[in-house]
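*Asks:* The whole structure should be built from the sequences, with the hints applied where relevant.
Chains as they are written, first to last, in my numbering: chain A, 1 to 399; chain B, 1001 to 1399; chain C, 2001 to 2375; chain D, 3001 to 3375.
Among the hints, a few may not be true.
To be verified - To spell it out: a stretch of chain A is covered by chain C in this simulated footprint if at least three of its residues, at any positions, have a beta carbon under 8 Å from a beta carbon of chain C; those stretches are: (1) 131 to 137; (2) 197 to 204; (3) 269 to 276; (4) 380 to 390.
Calculated from the structure, these hints are not laboratory results.
All C-beta atoms, glycine included, are put in the ideal place defined by N, C-alpha and C.
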Amino acid sequence: MNLSFTPEEQAFRNEVRAFLRDYLPDDLRQKMLERRHLGKEDLVRWQRILNARGWATPAWPVDYGGQSWTPAQRYIFQEEMALGRAPEPSPFNVNMIGPVLCKFGTDAQKQRFLTRIANLDDWWCQGFSEPGAGSDLASLKTRAVRDGDHYVVTGQKIWTTQAQHADWMFALVRTDPAAKPQRGISFLLIDMASPGITVRPIETIDGERDANEVFFDAVRVPSENLIGEENKGWDYAKALLGHERSGIARVGLSKERVLRVKEIEALLAESGVFSPADQARVRRRRVELEVELKALEITQLRVVAADSQAGHGTGANSAASILKIKGTELQQALTEMVVELAGPEGLAMRPEAHGANAPLADGWIEAAAPYYFNMRKVSIFGGSNEIQRNIVAKTVLGL
Amino acid sequence: MNLSFTPEEQAFRNEVRAFLRDYLPDDLRQKMLERRHLGKEDLVRWQRILNARGWATPAWPVDYGGQSWTPAQRYIFQEEMALGRAPEPSPFNVNMIGPVLCKFGTDAQKQRFLTRIANLDDWWCQGFSEPGAGSDLASLKTRAVRDGDHYVVTGQKIWTTQAQHADWMFALVRTDPAAKPQRGISFLLIDMASPGITVRPIETIDGERDANEVFFDAVRVPSENLIGEENKGWDYAKALLGHERSGIARVGLSKERVLRVKEIEALLAESGVFSPADQARVRRRRVELEVELKALEITQLRVVAADSQAGHGTGANSAASILKIKGTELQQALTEMVVELAGPEGLAMRPEAHGANAPLADGWIEAAAPYYFNMRKVSIFGGSNEIQRNIVAKTVLGL
Amino acid sequence: MNLSLTEEQRLLGETVTRFVADRYDFLSRERYVREPPGFSRAIWAEFAQLGLLALPFAEQDGGFGAGGVETMLVMQALGRGLVVEPYLSTVVLCGTALALAATPAQKAILLPGLIAGETLIALAHGERHAPRHTLTQIRTKATRRNGYWLLDGEKSAVLDGDSADKLIVSARTDQGIALFLVDARAEGVTVRGAPTYDGRRIADVTFEAAPVAADAMLGAPGAGAGILRSVIETAIAALTAEAVGIMEATLDMTTEYLKTRHQFGVAIGSFQALQHRCVDMLIQLELARSMALFAAVSLPLEDAGTRSRNISAAKIQIGRSGRFIGQQAVQLHGAIGITAEYQVGHAFKRLTAIDTLFGDANHHLDALAEAGGLA
Amino acid sequence: MNLSLTEEQRLLGETVTRFVADRYDFLSRERYVREPPGFSRAIWAEFAQLGLLALPFAEQDGGFGAGGVETMLVMQALGRGLVVEPYLSTVVLCGTALALAATPAQKAILLPGLIAGETLIALAHGERHAPRHTLTQIRTKATRRNGYWLLDGEKSAVLDGDSADKLIVSARTDQGIALFLVDARAEGVTVRGAPTYDGRRIADVTFEAAPVAADAMLGAPGAGAGILRSVIETAIAALTAEAVGIMEATLDMTTEYLKTRHQFGVAIGSFQALQHRCVDMLIQLELARSMALFAAVSLPLEDAGTRSRNISAAKIQIGRSGRFIGQQAVQLHGAIGITAEYQVGHAFKRLTAIDTLFGDANHHLDALAEAGGLA
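*Replies:* And the structure:
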């Protein structure tokens, strides 16, 4: 038993690292380092670089442009992307609608969408949440009524991330109001340019406007844009949510943050801003988080190993369930540290978010608090940590 | 507005302090300092000293031997007792059965019991909890059936603290099994020497045997030992539980522990057992707890002030509800610190609890862990902290 | 021990609380934030009419002669509304400095305008490259030249710096740290403002051979650090009270939300895990409330060591309580908690800022431990 | 990366787990604790028969040639049963010391008896008045006299010291710290034992001019601290695994209890606040399990700095997880959790002891921070 990667895996890691060194644009790396906000252009540019290398959609089936990577390779890829400070590819395109289409789409749908998804020629958003249907997704109310070879969609989605950039939405809509909540739901692909769609941006506490309300007023959606069978949408949505667990704890992102905290500690020590007592205190807290992160990393690796070699139990199944909770808690704790490091100068907002005066300071200091605020969402979205605990209590502990 | 005590209150404090200096036996003070276990003889001796001074039952009505102290005086008295390392008087005698008798007892009952309670001539225990009726007290099953001028009691109590010493028990018993759970309960005084009573000690994790099971096999209790009306016992029990809130957070006890921790820190630093890093770490943690304790103390004082001058709101009502939760959490946190200070030598049990070999070390080191273990009970007994949170959520927050 | 308010104090607290409730609902606040100086001049004028701007000054100076308890009451009320007007900077920080150290002549020039709401003043002390929260190790220098002083240096994170008419500036002199009253539009002074994440404004201020008249020194030469210490302690006490107001309103909003928001067919406030979280928030609120009171009554203490330890303890508690309540309020609100369109997120951000200002909880814990702890 | 067990390892783990399940239920354990040496000689003999006592020794010495993973599997199984036999002291601590440093002659004398379960050995290193957890700053002295050594000093908290036949004793010599093999019943040696709160035994050992033969030195003179470091790291790794076994069993007991215990007419496991607490316990268990594995695979690392940092990290996690799980298991059990008549309280106490041994979480966090952190 050992925790080292094989020479082949190590070689793969070096390959990823070299690629990032050569192809990740410096301006993107710098923005990621400082955790500044990335625009649409940034993400499209990077997605196309990845796609040119064949690495935009590694987890897809090989026939559709994926890579036949092992779970360990997928883990290494994600870790190196994070450590190399590369932007994360759009999860809506890559982890959600792509795999759903590969698995449940018609040939025509695959033909029409998949290569455009991989290249971010089409930007997708996810239309699941509604006012009143957040964690309780099955209570959604947006209606789709069949009218000839179209569905007519009326209702509202909310918290739709990056809908302002989106060309397409994959949405859950209610097609049978008489059925039980989870039964009468269908999975529709909706062209965001359709008449009757209004997108209203919602400003979030980090000062960004990446969340949106999307209103549907009798929007006509061709029935060929239905995924699978009518009223079976809940099943496809569930398949989508359980798609990938080799990166669920996002260990790489947190490792990158630890490295960054160390760099900033050194910076503040050197410049005399931090006293020896400040340095000792921050180091001790950082090391505390490092230990938790190591424990989380190995827990994630146990899941990766279990996925690689089913049947060899190291308690991996129950371990998988906790990765999201602990992973988000650690990500959030690390953002708190950076706020502490930034100090009072960190009160100033990044000017580009406001078109206000010239910058007071560059980079990380002014990005510290907005990123801290932004990251509060990770314990809320995608099933809040309270919902996660309910699930673990029921499915793992049998309570 | 100020947090200082008046000159009169300060004079009272000095009076209490002088009394403790002059009358608290050194061996008791030493045992309390080290948090060693106190035996029956210790407690009786101290209770009688207090009683001789007229301070055994200060919160009782003056007619029955109480003091007409203000809430601030009661607070000061409790604090000085704790800081002076005096044993706490038996809560069963002083805070529970005494006040219940004063309020609900017949003249004959008062006559018979009160002075003996105050002098600890009779040792009382509390017969509330039963197997299956802990936090859910209303589901208790011990039956009392009227038979002429007696009740015949059959059933079982559990976790009965110090029943092994007790001459009397005040007990909740079910007299009407047909009534709703909280209705058909009566409040009985039971002579522990009655035929049919069996006391079985339960060893607890601190190595002591102060908890007991008490079995009743057709125990005959004269009906003159009924408190108040039959089937109204729940009301008397509730009155008893809400009796006194000027000491609920037990701030004095925790203050005494902070002082003790500081003494031990100095000891370990001086002897070279603790490195400067050890000292800094422990000091920082202790100061963290000092801050919480100060916040708790002032919260307690707000309640005392509100009790003194009803109508002047400083949010005291909601404050009172939280004193128990935070008070117990702090008491427990301080015991953890002493375990850390004790180190590996603290693994050894106090020999007197086991009749084993000669002591390995005196005093505090070997008492550290047993006291830590013992104090786990404070968040369980008297309504667990979970139950307390349920109550606050409902009554204060309206959830 | 007396925890009652005087009739005057009770009235003051009620007046400001009612004013904020009436005039400072969330949508109005959003409007005020977008007004040109970053806050509402009209509200500020009403503060002046209510006498709030006169709070810390002696009666013979046209003031209210108030102390820590009055400031606590006002700040707590302002906290409930997340009021963005520059009360902390002009009245608490600079007002305290003037009350402590200004000459009668300086007072005569400055106080009437300040009390009338016409003059805004900001404290320019912190520097980006100095040891964090130092009182003395700053780089800004004041050099004596022909009966004038020339100021050189860079100040950062100056609260409400870009709306201020006057600045109180700390600088090294050959006799130690001194404070200077400087016109914000004077020659050699450059002010660059920016919005802060909590809906206020902050500025970097640069001094390049900025000439300052000799009679513009505030207090004796070398007395600057001592004045700053008192001023900052007063500001910390005020901030702890503001935080209590915010936490109070935030807990109210959160429990209200839990009662009205339904999921899975029931109000989410019926879920025990969320109930217990709210109880823990209440506990943190009450501990914080106690420590705001502790800070307020500690300000007049003569023993500087005790005073500074007590203030540190209050700031520690406020930092801990504020973080917990802010984070949990957002979490319990779910997605709506992270929108800028709803008050709770702004409360969370202001609580974050309050922890950051004048030393966060960890910084003060180190300081208090270094001092040996409380009493 | 390979997290699979070999077939041999899997068998070993299953064997010990089954043995503990069959022979070490809670009531049997209570009996064993009350047997004269403080544990069961019969169980010890069966350990010998199962080959468990041979684990760390090379095959040519009659051993099993096993490493950290095997020890992890065994200790985890022993943890589930709160096994009190002196496996940690005799096999892990002293066995590792002998495997590392004993001469062939010393091995030939000691190992057969140890492996057969006839010889018990304890490590006598810590001292009540030395800096806590020091490897070098001890006071016990070894003075050379006519081809003998004379030992003088006081050792404390010697695990299983009063049942041991032999002691491995650390002492200062003029060439540094050295280890000595000492007969526990030798002249000048006084052993005073006492029960520990976790159902085991501990001893103070005094040496007064105790004569030790020259060939009883274990390892080179001056090599003692290095050997001790390795031995203690191995013991910490073993303890982390034991703790995982305890936590696993404790969480099982707790969830089982919540399913069966009814209050207010329902199983208390239906209360969401308690459910979430159990999930947090599970999280702590899984993090601890990962770090026990980390410790086991770190033992063979050649770089002493990395090895020691990794071991510290594991001990920190085990301390944190163990405290949380132990305290919460007691709390969720309510009153029954604090009785000595039920297993959960004993699990809590053993987890407390494990944190205390060889440096608690806070101590190792300081050490790790001092070393700059992980890798």
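*Asks:* Next step is simple, just say for each hint if it's right about the structure.
*Replies:* Here is what the structure says about each hint:
Coverage of the stretch 131 to 137 of chain A by chain C holds. Counting CB-CB distances below 8 Å, 4 residues qualify, and the rule asks for three or more. For the stretch 197 to 204 of chain A, the stated coverage by chain C holds: 3 residues have a C-beta nearer than 8 Å to a C-beta of that chain, and at least 3 were required. Closer than 8 Å: that is the beta-carbon criterion, and the stretch 269 to 276 of chain A has 5 residues meeting it against chain C, so the requirement of 3 holds. Here's how the stretch 380 to 390 of chain A fares: 6 of its residues keep a CB closer than 8 Å to some CB of chain C, so the rule of at least three is met and the hint holds.
Violated hints are absent here; each numbered hint is respected by the structure.
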